[in-house]
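K.L.:
Read off the chains here:
2 protein chains.
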Amino acid sequence: MNSRTDSSLSMPPVIVLVRPQLGENIGKAARAMLNFGLTQLRLVAPRDGWPNPAAGPAAAGADMVLERAAVFNSVAEAVADCNHVHATTVRKRGISKPVLDPVGAAMRIHQDKGRHAILFGPERSGLETDDVALARTIITIPINPQFGSLNLAQAVILLVYEWSKTQHLAQPTLTQELPPAPQEELDGLIAQLEAMLEPAGYFSPYSREVATRRTLHTVLTRPGWNHLEVRTMRGVLTTLARQRRNDESRS
Amino acid sequence: MNSRTDSSLSMPPVIVLVRPQLGENIGKAARAMLNFGLTQLRLVAPRDGWPNPAAGPAAAGADMVLERAAVFNSVAEAVADCNHVHATTVRKRGISKPVLDPVGAAMRIHQDKGRHAILFGPERSGLETDDVALARTIITIPINPQFGSLNLAQAVILLVYEWSKTQHLAQPTLTQELPPAPQEELDGLIAQLEAMLEPAGYFSPYSREVATRRTLHTVLTRPGWNHLEVRTMRGVLTTLARQRRNDESRS
Chain A
1 MNSRTDSSLS MPPVIVLVRP QLGENIGKAA RAMLNFGLTQ LRLVAPRDGW
51 PNPAAGPAAA GADMVLERAA VFNSVAEAVA DCNHVHATTV RKRGISKPVL
101 DPVGAAMRIH QDKGRHAILF GPERSGLETD DVALARTIIT IPINPQFGSL
151 NLAQAVILLV YEWSKTQHLA QPTLTQELPP APQEELDGLI AQLEAMLEPA
201 GYFSPYSREV ATRRTLHTVL TRPGWNHLEV RTMRGVLTTL ARQRRNDESR
251 S
Chain B
1 MNSRTDSSLS MPPVIVLVRP QLGENIGKAA RAMLNFGLTQ LRLVAPRDGW
51 PNPAAGPAAA GADMVLERAA VFNSVAEAVA DCNHVHATTV RKRGISKPVL
101 DPVGAAMRIH QDKGRHAILF GPERSGLETD DVALARTIIT IPINPQFGSL
151 NLAQAVILLV YEWSKTQHLA QPTLTQELPP APQEELDGLI AQLEAMLEPA
201 GYFSPYSREV ATRRTLHTVL TRPGWNHLEV RTMRGVLTTL ARQRRNDESR
251 S
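Chains A and B, in that order, give the protein sequences. 1 is the number of the first residue of the first sequence in the working numbering; add one for each residue after it. 1 is the number of the first residue of the second sequence in the working numbering; add one for each residue after it.
I should point out that these hints are in silico values taken from the structure, not numbers from a laboratory. Any given hint could be a false lead.
[Unchecked claim] Partial pick of chain B residues on the chain A-facing surface, computed with a CB cut under 10 Å:
(1) LYS28
(2) LYS165
(3) VAL210
Heads up, the beta-carbon is just placed ideally off N, CA and C, and yes, glycines get one too.
Modelling step: build the complete structure from the supplied sequences, incorporating the hints.
P.N.:
Following this line, the structure appears as structure tokens:
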């Protein structure tokens, strides 16, 4: 994957299907994408492997999207080169993140420089809390509260349709702001901090470890730090860690 | 059929599937309708008769819409009680009628009193010219000109989604976010970190100290962390500092 971030606005978003169950839905999602001019599809651990013979017929001619689809083992790998990660959910989550509706999400993708990824969860259950923790924002489609069962390809088409609308808007004035660092740089920062916190007992008791790590991810994902800011924070951590080693060597 | 027109605005539109071919698409259209609170489905001469055993499973719980579906022999009969008839088409027609996009159509349905019907044609061919001739307006979804094959249920969901937005016009924006912490809490966090970095030599050489502190302030101000997030970060720092003291006391 090329992790260079484009300097122009309105890079088309990447659609990431996380653990999709049915090949038919993958094909329909590809068709929906191409209906509005999107071609970058990524699959995380598709249940029935890949390629899937049910996808092609459902794509109804959008084979080009399926042929280019990239497959990953984890969400983290799938979004490593993305500057902005958005998670689609229907239900409310115990995570405090900014929530956008499809219009707000489309405007954000239109305005914020860099590569955006939109995560969609498996048909039956939606995204897991850990997947959502990786994202900076949550996208929720305002839907009939008495009937919230939205088909995967239908969710995809609503978001790409809203995105396509922004392509006809005049471009906003260029801000000089750098885009957020690619997700893999942020992951490196978080890993460095976790490695320092672990021996200090930050993650004990064991029963709360998962929740504690998730909270830390959320707090550090929120800033949208750019490449230079991530480097600054890594410098801070390196300084603190080096001092510990100095202390130890003096002891 | 009750042909009385309601005097209030925003009567929910009637969805009319004209000669639909696949039961599965009828079920998916019903599901899409109920997703956004619509329940009035009408079928004109469905190819495989009605009821269709493939519709139920595809409706994924929207059975109520299928059970209430009314079947007609002709488009004229299906829209006899409707005050406004809109025909969805992808291709341009040789008929001169007002053309609306989904947003324009939703506004029209929201504003023009009476019952609105939206006609959708068969999967393979779309509406025939005679069907379109019955309509007062044409609705066209602006789509990739290189890939205009839009699934029937996808076309339905885009229009009912746009309609649903007009129902929420008065609703506030979706955000459950906590506000950023008061500045003094952020300052407390920054002071704690600076106090840890100082003895570690982070701010030397002296000539660059002001710039280095400024950078750190900028990086930590950017997130807009809320009260809970600031507390989390202070906990992280306290853990790292405590470990240092433990190291020192062991020495």
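K.L.:
With reference to the structure, classify each hint as holding or not holding.
P.N.:
Hints versus structure:
{"no.": "1", "hint": "LYS28", "in the structure": "7 Å, holds"}
{"no.": "2", "hint": "LYS165", "in the structure": "8 Å, holds"}
{"no.": "3", "hint": "VAL210", "in the structure": "15 Å, violated"}
In this structure, only the earlier hint numbered 3 is contradicted, and the remaining ones agree with it.
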